[in-house]
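Take a look at the letters that make up each chain.
2 protein chains.
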Amino acid sequence: MKMNAYVAGVGMTPFGRHLDTTLKALAGAAITEALHDAGMQGSDLQAAWMGNAAAGVVLGQEMIRGQLALRALGIGRIPVVNVENACASSSTALHQACAMVSAGYYDVVLACGSEKLFHVDKMRSFAAFFGAVDVEDPAGAMKVIHDMARDAGVSLDTDGAGDKRSIFMDVYAIMAKAHMKKYGSTKEHFAMVTAKNSFHGSMNPRAQFRDEMTVQQVLDARMIVEPLTLPMCSPIGDGAAAVVLVSERKARELGLRNPVKIRASALASGFDDGADGDSVGALAARQAYESAGVGPEDISCIELHDASAPSEIVAYEYLGLCKPGDGWRLLESGATRLGGRQPVNTSGGLLRKGHPVGATGCAQIVELTEQLQGRSGPRQVAGARLAMAHNGGGAIGRDAAATVVTILSREG
Amino acid sequence: MKMNAYVAGVGMTPFGRHLDTTLKALAGAAITEALHDAGMQGSDLQAAWMGNAAAGVVLGQEMIRGQLALRALGIGRIPVVNVENACASSSTALHQACAMVSAGYYDVVLACGSEKLFHVDKMRSFAAFFGAVDVEDPAGAMKVIHDMARDAGVSLDTDGAGDKRSIFMDVYAIMAKAHMKKYGSTKEHFAMVTAKNSFHGSMNPRAQFRDEMTVQQVLDARMIVEPLTLPMCSPIGDGAAAVVLVSERKARELGLRNPVKIRASALASGFDDGADGDSVGALAARQAYESAGVGPEDISCIELHDASAPSEIVAYEYLGLCKPGDGWRLLESGATRLGGRQPVNTSGGLLRKGHPVGATGCAQIVELTEQLQGRSGPRQVAGARLAMAHNGGGAIGRDAAATVVTILSREG
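Quick mapping for you: the protein sequence lines, in order, are chains A and B. If you're matching positions, the first sequence starts at 1 in my numbering and goes up one per residue. If you're matching positions, the second sequence starts at 1 in my numbering and goes up one per residue.
No lab work stands behind these hints, which were simulated from the structure alone. These numbers come from a predicted model, not from an experiment.
Each computed DSSO-like pair below joins lysine-lysine, with the alpha-carbon atoms no more than 27 Å apart:
id : chain 1 : residue 1 : chain 2 : residue 2
1  : B       : Lys143    : B       : Lys187
2  : A       : Lys323    : A       : Lys182
3  : B       : Lys122    : B       : Lys143
4  : A       : Lys143    : A       : Lys122
5  : A       : Lys122    : B       : Lys122
6  : A       : Lys2      : B       : Lys250
7  : A       : Lys2      : B       : Lys2
8  : B       : Lys181    : B       : Lys143
9  : A       : Lys323    : A       : Lys181
10 : B       : Lys323    : B       : Lys182
11 : A       : Lys182    : A       : Lys143
12 : B       : Lys2      : A       : Lys250
If you anchor each label on the Cβ, the simulated ranges turn out as follows:
id : chain 1 : residue 1 : chain 2 : residue 2 : range
13 : B       : Gly295    : A       : Arg257    : 40 to 48 Å
14 : A       : Gly39     : B       : Gly383    : 51 to 59 Å
15 : A       : Met123    : B       : Gly140    : 25 to 33 Å
16 : A       : Leu19     : B       : Asp121    : 25 to 33 Å
17 : A       : Gly140    : B       : Arg17     : 22 to 30 Å
18 : A       : Thr21     : B       : Lys143    : 19 to 27 Å
19 : B       : Lys323    : A       : Gly39     : 39 to 47 Å
20 : A       : Lys182    : B       : Glu253    : 43 to 51 Å
21 : B       : Arg257    : A       : Val120    : 56 to 64 Å
22 : B       : Glu226    : A       : Thr21     : 36 to 44 Å
23 : B       : Glu411    : A       : Gly293    : 34 to 42 Å
By construction, the Cβ of each residue, glycine as well, lies at the ideal position given by its N, Cα and C atoms.
All chains, please: the whole structure from these sequences, using the hints.
What follows is the structure, given as structure tokens:
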């Protein structure tokens with residue numbers, strides 16, 4: 001979808017373990033920072049789209065999550081829409097907010113994502129993740145995984161570790177094994193993804209993990225499910241991120257310095273219905289490139305959904321950064337590392353910045369806005385003009401349940 | 001917000017207790033009926049907004065609820081946004097869908113609401129409702145209720161029945177007592193609301209309760225919290241409702257018979273911030289009237305949020321159907337009964353049709369569309385040309401957390 005909305009301000013909390021902070025306080029901190037960044041007050045906001053994926057199961061707060069966060073800041077009476085699309089919840093919120101601003105309904109709106117996944121009762125965190133597959137058909141969810149393994153001709157490690165990981169890591173393990181078998185990627189390549197993103201994350205003060213890891217350290221870490229070691233899996237986390245969006249008219253009126261424009265945002269959902277060869281992720285990327293009138297080669301820097309290390313390599317391919325099967329070659333070339341041609345996940349990505357699921361989509365926009373405005377400090381991508389965010393969520397059959405691809409540009 | 005979208009088809013399940021039916025099967029039945037009503041296939045849909053409020057807490061399915069329902073029907077790959085605004089979830093979904101169609105982004109979209117509140121473990125149902133206030137601050141939620149009682153100079157019945165009812169009935173009881181004290185309404189008036197809506201519901205094959213009750217029967221029923229007897233409280237329920245919306249261009253292309261247009265939809269959220277004297281409900285109504293260019297006196301029939309019997313009388317007032325304090329006089333006049341000047345809740349309302357919360361907003365549109373198209377059978381409002389739906393949800397402080405008012409007209 002072609003968009004015409006401008007980022008007036010961004011904010012986010014550090015990602016991590018925030019057991020003693022309420023969900024609304026996390027959201028409030030991100031919103032306050034975004035408003036400050038925009039030079040605005042809460043009373044300037046005309047509407048808000050609030051993303052969250054798991055507060056019902058984790059905290060018991062399934063309803064009116066956004067209103068509570070806004071009230072805590074004294075922001076009343078504006079239309080609020082609570083949006084859920086699993087790990088793509090806040091990119092979906094952003095997509096809706098952008099569309100409404102681009103259509104001329106509002107001049108100043110908020111998109112926000114917040115999440116608390118840590119809980120003293122760990123079963124709540126696990127229950128939340130299971131809620132991203134079909135709870136009413138758990139056998140069906142497992143069958144899909146076994147079918148995927150069978151079709152790929154690879155084995156699924158079912159050694160009983162399942163109670164210590166989310167079902168998603170089984171999906172990613174199968175995806176990784178299939179890629180290794182078909183295209184020759186190796187466990188070392190997956191470790192290289194984590195090592196690269198840990199290098200990036202070491203320069204991000206808001207990252208959940210800030211230690212830089214070597215490839216060997218990643219390989220030597222505890223095995224979660226073959227071939228994924230612990231640092232190849234994104235962690236659970238708590239945090240929030242917020243984006244203040246304004247219309248073109250308002251952007252002019254404000255005289256924004258270094259304005260960042262959202263040029264396109266594509267939301268693809270559902271499941272692979274066999275209508276074409278694309279995954280939901282590939283479909284969203286293709287639509288976003290078309291709407292923005294650019295190609296993958298034009299993008300300066302990218303935040304993509306590295307929920308697992310192999311996910312990043314596979315995403316290189318379906319986002320069109322390289323040919324199918326060439327993901328590991330692109331990684332080996334250094335192109336996606338800071339200093340390379342198209343740095344990927346300069347924030348540290350989900351693997352190192354962290355993945356409080358409902359907050360991740362907006363956090364990607366925070367990182368890319370700062371990159372496009374030249375304020376990313378030691379991890380700045382030199383001369384960044386065009387950026388892309390890719391955020392996926394949920395699992396239906398073999399495909400993501402929702403994916404949002406957003407393309408942003410530095411204007412002026 | 002001024003809208004320009006047409007209702008191409010509507011569908012809903014009977015409301016009631018559907019313990020043996022999955023959430024996605026309920027949604028699927030409503031969507032299938034709406035598509036059939038529109039003469040369309042699932043493949044005609046270009047996007048979907050799916051409302052649900054409580055599946056995370058009740059069923060453990062907090063994420064991708066909409067995608068699962070659509071997949072069960074073989075509807076893949078369209079953008080899906082899961083929307084939550086407590087009891088106003090599916091009217092919020094409809095609001096978003098209307099705005100996107102009116103802006104020209106899509107020609108054919110779906111708005112759907114579904115809910116399962118009954119569970120063999122009744123604590124799950126209670127937990128769901130508690131999630132509509134601030135779970136992180138339960139003492140604050142109770143303090144608001146006690147403050148309301150104090151400010152109104154009425155007593156709150158805290159006889160220990162609290163474990164058998166949702167916190168909302170305490171709020172409604174205080175509201176009722178305050179209205180009685182200030183404006184002279186009586187318990188008999190509240191019973192008259194239920195009796196009227198039971199008369200309407202007795203003619204609605206999809207209503208949860210179809211027995212007609214006399215005023216005396218309502219008064220004699222079990223007391224929940226003074227002055228509310230059981231039939232003065234909306235029940236919990238399971239069900240789904242769906243609306244297929246099309247653009248003006250598409251409506252012309254389809255040559256819709258008896259087209260129903262959505263002329264305005266106002267979403268007001270948050271809380272009473274003291275900026276004006278309006279409640280969130282009054283604000284939404286005022287905005288909807290302005291956008292549609294009509295006044296309350298122009299409306300032929302109304303579905304409003306009678307979550308409790310006194311709620312209907314109070315809503316008469318803030319929706320502008322009568323002057324403040326005159327709600328009981330309007331009721332006594334018979335104007336809001338079938339055959340009267342402005343029949344209210346011809347479906348039976350939340351009190352009798354039922355209130356599967358996330359489904360209620362779309363179900364109101366189903367009723368009003370059928371009324372405007374002259375296909376409501378024995379409960380048909382003669383000559384209905386203009387209709388209004390009012391759907392509220394959640395509680396923050398003394399106000400609804402979200403309210404949507406929608407105005408529809410029969411065209412041609």
